[in-house]
Amino acid sequence: MEPKASASAGDRSPVGQPDVTRLIVRVSMKDRAAFDLLYRQTSAKLFGVCLRVLNDRSEAEEALQEVFVKIWTKADRFAASDLSPISWLVAIARNHAIDRLRQRRQTAAGIEEAAEIADPALDPEALAAAGGEAGRIHRCLEELDTDRAEAVRGAYIRGESYAELAARHGVPLNTMRTWLRRSLLKLRECLER
Amino acid sequence: MSIVEDRLPDEGGDDLLAAEFVLGVLSAEERAAAARRIEAEPAFARLVERWEGDLAPMSAAYAPVEPPASAKAGLDRRLFPEGGERSRPRLWSSLAFWRGLAAAAVAALALAILLPFAVRPPAPQDRLVASLSAADSDVRYVALYDPAAGQVDLRHVSGERAAGRDFELWVIEGANQPISMGVIPAGETAQLPVEAEVGGRLAAGAKLAISLEPAGGSPTGLPTGPVISLGDLLRL
Numbered sequence: 017m018e019p020k021a022s023a024s025a026g027d028r029s030p031v032g033q034p035d036v037t038r039l040i041v042r043v044s045m046k047d048r049a050a051f052d053l054l055y056r057q058t059s060a061k062l063f064g065v066c067l068r069v070l071n072d073r074s075e076a077e078e079a080l081q082e083v084f085v086k087i088w089t090k091a092d093r094f095a096a097s098d099l100s101p102i103s104w105l106v107a108i109a110r111n112h113a114i115d116r117l118r119q120r121r122q123t124a125a126g127i128e129e130a131a132e133i134a135d136p137a138l139d140p141e142a143l144a145a146a147g148g149e150a151g152r153i154h155r156c157l158e159e160l161d162t163d164r165a166e167a168v169r170g171a172y173i174r175g176e177s178y179a180e181l182a183a184r185h186g187v188p189l190n191t192m193r194t195w196l197r198r199s200l201l202k203l204r205e206c207l208e209r
Numbered sequence: 010m011s012i013v014e015d016r017l018p019d020e021g022g023d024d025l026l027a028a029e030f031v032l033g034v035l036s037a038e039e040r041a042a043a044a045r046r047i048e049a050e051p052a053f054a055r056l057v058e059r060w061e062g063d064l065a066p067m068s069a070a071y072a073p074v075e076p077p078a079s080a081k082a083g084l085d086r087r088l089f090p091e092g093g094e095r096s097r098p099r100l101w102s103s104l105a106f107w108r109g110l111a112a113a114a115v116a117a118l119a120l121a122i123l124l125p126f127a128v129r130p131p132a133p134q135d136r137l138v139a140s141l142s143a144a145d146s147d148v149r150y151v152a153l154y155d156p157a158a159g160q161v162d163l164r165h166v167s168g169e170r171a172a173g174r175d176f177e178l179w180v181i182e183g184a185n186q187p188i189s190m191g192v193i194p195a196g197e198t199a200q201l202p203v204e205a206e207v208g209g210r211l212a213a214g215a216k217l218a219i220s221l222e223p224a225g226g227s228p229t230g231l232p233t234g235p236v237i238s239l240g241d242l243l244r245l
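Sequence order for the protein chains is A and B. Mapped onto this note's numbering, the consecutive letters of the first sequence carry residue numbers 17 to 209. Mapped onto this note's numbering, the consecutive letters of the second sequence carry residue numbers 10 to 245.
Just chain B, same shape as in the assembly (with noise of 0.2 Å):
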């Protein structure tokens, strides 16, 4: 009230303080204590809508410039600093839940949680999982494959690795050659890059399998140990 009484008593009021707002030209003060009105009182709050209704047609001269990725690399860190690089549940990152799921529901429980955060903007080809295991091992991990990101991401869900000795994943395709995607690097969770013609295969349908091999991986650029765990990639 004040602002406005002061410098021009009897014209506009509370109108024309909100026009000042709205324009900007307002000192840091005034517009703070505006702000203030804004929050507690509905009728002034309409007004400052008005005239940003009416005023906004002049933003058309705001010409649109593209931010720096780096700007949305900054606002995820700073809205969602549990999440990871990427919207990923935090149940992923919780060893005990994926340990005390039989094989089977771990695909479908890495289904019904990470479907949610599947909707999303239409990406040319969407994320993919699957649960890999076998029936004589007792290893098993989940993966994700997200070809945004261009990685996979491991969660180890059980099956220890013997020293010296190093799982290695492979994308099997009918009966083409595995393409080997690297040695898994130990730890709860691991991610591999995917390069974009294997990213094509497994979109394709072809399925993940990790194998057991001498340290460092396979020697030959095949498998040569068991196949320890598989599974079929599933469009989440």
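Only chain A is shown next, with the shape it has when bound in the complex (with noise of 0.2 Å):
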């Protein structure tokens, strides 16, 4: 694992604000103040993830907490981490928001009213800071199958399990299982090309 420091160089804050790696580094020395500046500069993103999966304000409202909550006793462990500040944020908001999900649909059975909400337009802005790396995902989505590519991209945007995507598109569990693995397996090819 590469220090944290070199990590920082791709660092994707706008300019002019506090460097989030290094806030998030001053977290994990519980450090408040440093705590309520990267609530400032992330909770829009990372409520935009929680409502996008959640698709439910005050359930989106409850899982931010959490989230925070997670990202407050868990921030040390950012040091270890190759993802950007931004990425290791927003992977532990999905994950928590679809960790909710999951619970939420299993008590409450069969509701399968898969919210049917357009894709908002990439963030361009977010996209743009992206930068280089990122074109090399959504080169290799470009490679599968326009359908297959809209059930990874599915998947990883509301979090759909594979009985979601099989009802959305209207194909057996089993088969879009096999689909989604043969694209997985195509796409850690491309990625590695």
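Misleading hints may appear alongside valid ones.
[Stated by the list, open to error] Derived PhoX-like pairs (lysine-lysine); straight-line CA-CA distance at most 25 Å:
(1) A/Lys-90 - A/Lys-61
(2) A/Lys-61 - A/Lys-86
(3) A/Lys-90 - B/Lys-216
(4) A/Lys-61 - B/Lys-216
(5) A/Lys-46 - A/Lys-61
(6) A/Lys-90 - A/Lys-46
(7) A/Lys-46 - B/Lys-81
(8) A/Lys-86 - A/Lys-46
(9) A/Lys-86 - B/Lys-81
No lab work stands behind these hints, which were simulated from the structure alone. This structure is a prediction, so every number in the text was calculated from the model and none was measured.
Reconstruct the complex from the two isolated chains, following the hints.
Listed below in structure tokens is the structure:
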């Protein structure tokens, strides 16, 4: 693992804002002012993640709080990660929101009103800021059949399970599973090229 | 292991499971099992992290949405239940601690204690602290002005008010007439709201003073009793 100092070179915080890497490191030292600032800078993005996955404002608000509790308690782990600070934060938020979604779907069995909200256009600022490496996954997705790439994107953005994806795409669950796994293997192969 | 082996015996293995975890398609049980492996197996954790990094650019599709203010308030209540509504050290509310200090030391200590908390978001104005005392009086308060909160926090250190009398807080700016900030409620701690205009004067270097007034405060709008405590505001 690389020391975190080198990873901060790729930090994507907009000019003029304190660097998110440094804020996370300060939060790991339980610096509450840094935590407030980190919240101010990143909560809109992470709320966007929770809202998109959970599709319910009050639940997303609850999830956002839990996400920041995790960030507060686990910030020291960031030092051992190779992810960019924003990717690290988004991963925490996405994983938490998806966990919540799975718990909810499990308890309230059979809600298949799989949120048919149109995906918002890609956030151009974030795309531009993501720079060269970001192109890789998008390029590799383009190598997949359109509907399969769509299934991968849908799963990632909305946190849909195999069952929900199968329903959305009108294919049997096992077909969806095979599709998606083949797609992932192709992606891995493409990403490594 | 078994999750992938059962379904896809000769393809992908752990790397595929890591991808499925990151993508989010697994069931609750499968996710929980994978999460346990992330904790226990560094090699598996690295596979997951690689996928997180590879797929992360897709998260550009998440449009930022400003969360409601209640989210941060709730978060602070969860994480810092003892800290009150703002980042304030616990010592702030320890009466015995403040009583044990000489007046001169109070300001220095208030500074030392509050300083680490003053490393805050770049606010237009920052917080100000004052130790209020006077040579011929035992009435002592510590005052903390927080522009973001729009209020002055007062910590009563010593000096009782006589029956039928009140302490009133004033802003004194040079030769201008004092501006009343209101009667200080009895108790170990008190808060008084600060209007923005008055706050600006505080930030510009005004003093705080406490006068002894009839119950309910000065009837004239200007101090009528003796000033029993005063002090300069120091920037944190």
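Comparing the hints with the structure gives:
Between A/Lys-90 and A/Lys-61, the direct Cα distance comes to roughly 19 Å. Compliance with the 25 Å bound is thereby established for this hinted pair. Between A/Lys-61 and A/Lys-86 the alpha-carbon distance is near 16 Å, which keeps this suggested pair within the 25 Å criterion. Under the criterion of a C-alpha separation no larger than 25 Å, the hint pairing A/Lys-90 with B/Lys-216 is inconsistent with the structure, at around 44 Å. Of the supplied pair hints, the one linking A/Lys-61 and B/Lys-216 is violated, its CA atoms being roughly 43 Å apart against a limit of 25 Å.
For the suggested pair A/Lys-46 and A/Lys-61, the alpha carbons sit about 22 Å apart, so the restraint of at most 25 Å is met. Proposed proximity of A/Lys-90 and A/Lys-46 is supported: the alpha carbons are some 10 Å apart, at most 25 Å. With a CA separation close to 17 Å, the supplied pair A/Lys-46 and B/Lys-81 stays within the 25 Å bound. Our distance criterion of 25 Å between C-alpha atoms is met by A/Lys-86 and A/Lys-46, whose separation comes to about 13 Å.
At most 25 Å may separate the alpha-carbon atoms for a hinted pair to count; A/Lys-86 and B/Lys-81 meet this at roughly 14 Å.
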